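*Asks:* Residue numbers (the working numbering), protein chains in the order written: chain A, 1 to 339; chain B, 340 to 658.
Simulated from the structure, these hints should not be mistaken for laboratory data.
Keep in mind that a hint or two might mislead.
Claimed, not checked - 27 Å max Cα-Cα, derived BS3-like pairs, lysine-lysine: (1) A/290 to B/404; (2) B/473 to A/290; (3) A/290 to B/540; (4) B/447 to A/290; (5) A/27 to B/465; (6) B/404 to B/581; (7) B/401 to B/429; (8) A/290 to B/484.
On a predicted model such as this, the values are computed, not experimentally measured, just so you know.
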Amino acid sequence: MSFNRVRIVEKEEILEVKGLTKHFPIKMGFFKTLLAKELPVVHAVDSISFEIKRKEIFGLAGESGCGKTTTGRLTLRLIEPTAGHVLFKGKDIFLLSENEIRKTRQKIQIIFQDPYESLNPRLSVYDAIAEPLRIQQVLESEEAVGNRVKEVMEDMDLVPPEEYIYRFPHELSGGQRQRVAIARAFALQPDYVVADEPVSMLDASTRSEVVSLILSLVKKFHVSFLYITHDIALTRYICDRIAVMYLGKIVEQGPTDEVVLKPFHPYTEALIAAIPVPDPTARRSEIVIKGEVPSAINPPSGCRFHPRCPYAKEICKKEEPQLIELKKDRYVACHFPLE
Amino acid sequence: MAFLEVKNLQMYYLTLRGWVKAVDDVSFGLEKGDALGLAGESGCGKTSAALSILKLLPHNGKIFKGRIDFDGTNLLTMPDVKFRKEIRWKKISTIFQGAMNSLNPVMKIGDQIVEALTFHENIRKKEARDRAGKLLDLVGIGATKIDRYPHELSGGMKQRTMIAMALACNPELVIADEPTTALDVIIAAQVLGLMRELQEKLKLTIILITHDLSIISEICNKTAIMYAGKIVEQGDTISVYKEPLHPYTQKLIDAFPSVLGDRRKELAGIPGFPPNLLDPPSGCRFHPRCPYAMEICKKEEPKIVEVGKNHEVACHLIG
């Protein structure tokens, strides 16, 4: 681990990520493999660290391909890391045996992006929500399962439950589907939930309803969220803190409002400047960076953002900036942070 | 007369369960050089309205009423052959939703543009290829990429290719259906910037269809808000955004997060769900979700009335 900015472990910390790295190998032909000196890999996630406290919503923002979803999956051990640790309540989930991790999964859950894809079209709402309860065998009787299903549906504002339990996903609207998907995740009363773009497929009017549902769940059940999104404008309404990722690295991290209103990293600045504002009279700043995200197979040397950075200097090409605490709780990885 | 005038357009889809009233009595007009944003939630009929202008409706879609006057001629009474040869793509072209899936994956992008050109214009292949190269330069891809296949391009480049294709025959009106939905914010901002630039340069008239109000505020000078197959409010973008009069418009604007705005202002949703267009609510179609609904709203359909210069609303609270 090149650096460690994780604070001393406190009781309330639900999740700790330390130096997490994931490189996906690239499939090549047999002969190419023999000839290659070094097998090429996609640097999906490169040595990132953060921690999430109880009742906290931690946002992970960035463009597609920056590694945010891979990070989310790693924290649930849905994929194995190349290096690094994820501590859930102080225990490294990568050291657990198959049986232990299966048990732990009761407490760590995920909500997927697209409720049109993530729900089995052949399971009724009842069966969809009962499925995790049955798999984990936490309840003795089917009657208890039924009660729990109704209870969790009420928590999701799917009321009265009787009206919905026999329906199939195609009989529900997008917002209702996503509520069912959230109910599935909450059936086992998790402590930590990864929400992977949970509202990006929803219409504006239903989006805010699902957002307020997520906020109310945090209050009510004291869960922690890792909220993965590309929509920085929305993170201000949801997340307590955010980390901005670029090509597998965290480039900036801090309390959401501070990061959005006064970004230190040029990439964060550009990302925020690119968001259209629903106000025809407000002209946003014209910092639109050129080009597209480079390949994660051969990430640029030095600072990975330097080829697109409007402020790049010689040192940025050679030396990789470390994530340092510039101000209290504000971390940035840049040689020339904006002031 | 306006450059494009859609009048009392009524377009239904026949399904096994009956007629879906996708576009019901919709009227709007556009002057040359205008950019109109057509906004609304999914299923409100905005894409159907646009497809009617292009006469690209699926076989179960039927236009019952109305007229679409483009540059003085009614498109709806024009024979299909004539429309295909003279209007579609030459005068009115479109940028489809989801650039990822609109390009032919087994054809080089240059050839796809050449195909569009040689079909509509009587030119040689060589000449068409030169023009395809110029178009790719225009949209910022560069003529050198003319022999690339779609899978070799990123999402933003594919969307630019779609724009180049739409501009191939120098159209006067371009209908862009959710042109940036699948793109990342930075790439989306680049594509929007390109569209704004091209509109000025080529004096294009644009209809932009989107669910995202913030995109409309970026490039459109006119806005029309649709709900359940009807236009509930339309006018100059600034008046619609600054003084929204229809409760639906107000709620929709409140539902959008803003990076600049006050975070404490809670993001408001609209309770309830959009109605089923097989059997839309009586009276005002928004009344079941409207906080100000009165008795009359259930019974009588509000007429769209002018409330100011270039600003129309259909609501019983007004007028």
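*Asks:* Could you run down the list of hints and mark each one as holding or not?
*Replies:* Status of the hints after comparison with the structure:
A threshold of 27 Å between alpha carbons decides the hint, and for residue 290 of chain A with residue 404 of chain B the separation of about 47 Å lies outside it, so the pair is violated. Distance hint between residue 473 of chain B and residue 290 of chain A is fulfilled; the C-alpha atoms sit about 21 Å from each other, no more than 27 Å. Straight-line distance between C-alpha atoms of residue 290 of chain A and residue 540 of chain B comes to about 21 Å, which keeps the hinted pair within the 27 Å bound. At most 27 Å may separate the alpha-carbon atoms for a hinted pair to count; residue 447 of chain B and residue 290 of chain A meet this at roughly 25 Å.
Proximity of residue 27 of chain A to residue 465 of chain B is assessed by CA-CA distance (about 40 Å); at most 27 Å being required, the pair is judged violated. Restraint check for residue 404 of chain B and residue 581 of chain B: not satisfied, since their Cα atoms lie roughly 33 Å apart, outside the 27 Å limit. As the CA atoms of residue 401 of chain B and residue 429 of chain B are separated by approximately 24 Å, the hinted pair is consistent with the 27 Å bound. A threshold of 27 Å between alpha carbons decides the hint, and for residue 290 of chain A with residue 484 of chain B the separation of about 18 Å falls inside it, so the pair holds.
In summary, the numbered hints that this structure violates are 1, 5, 6.
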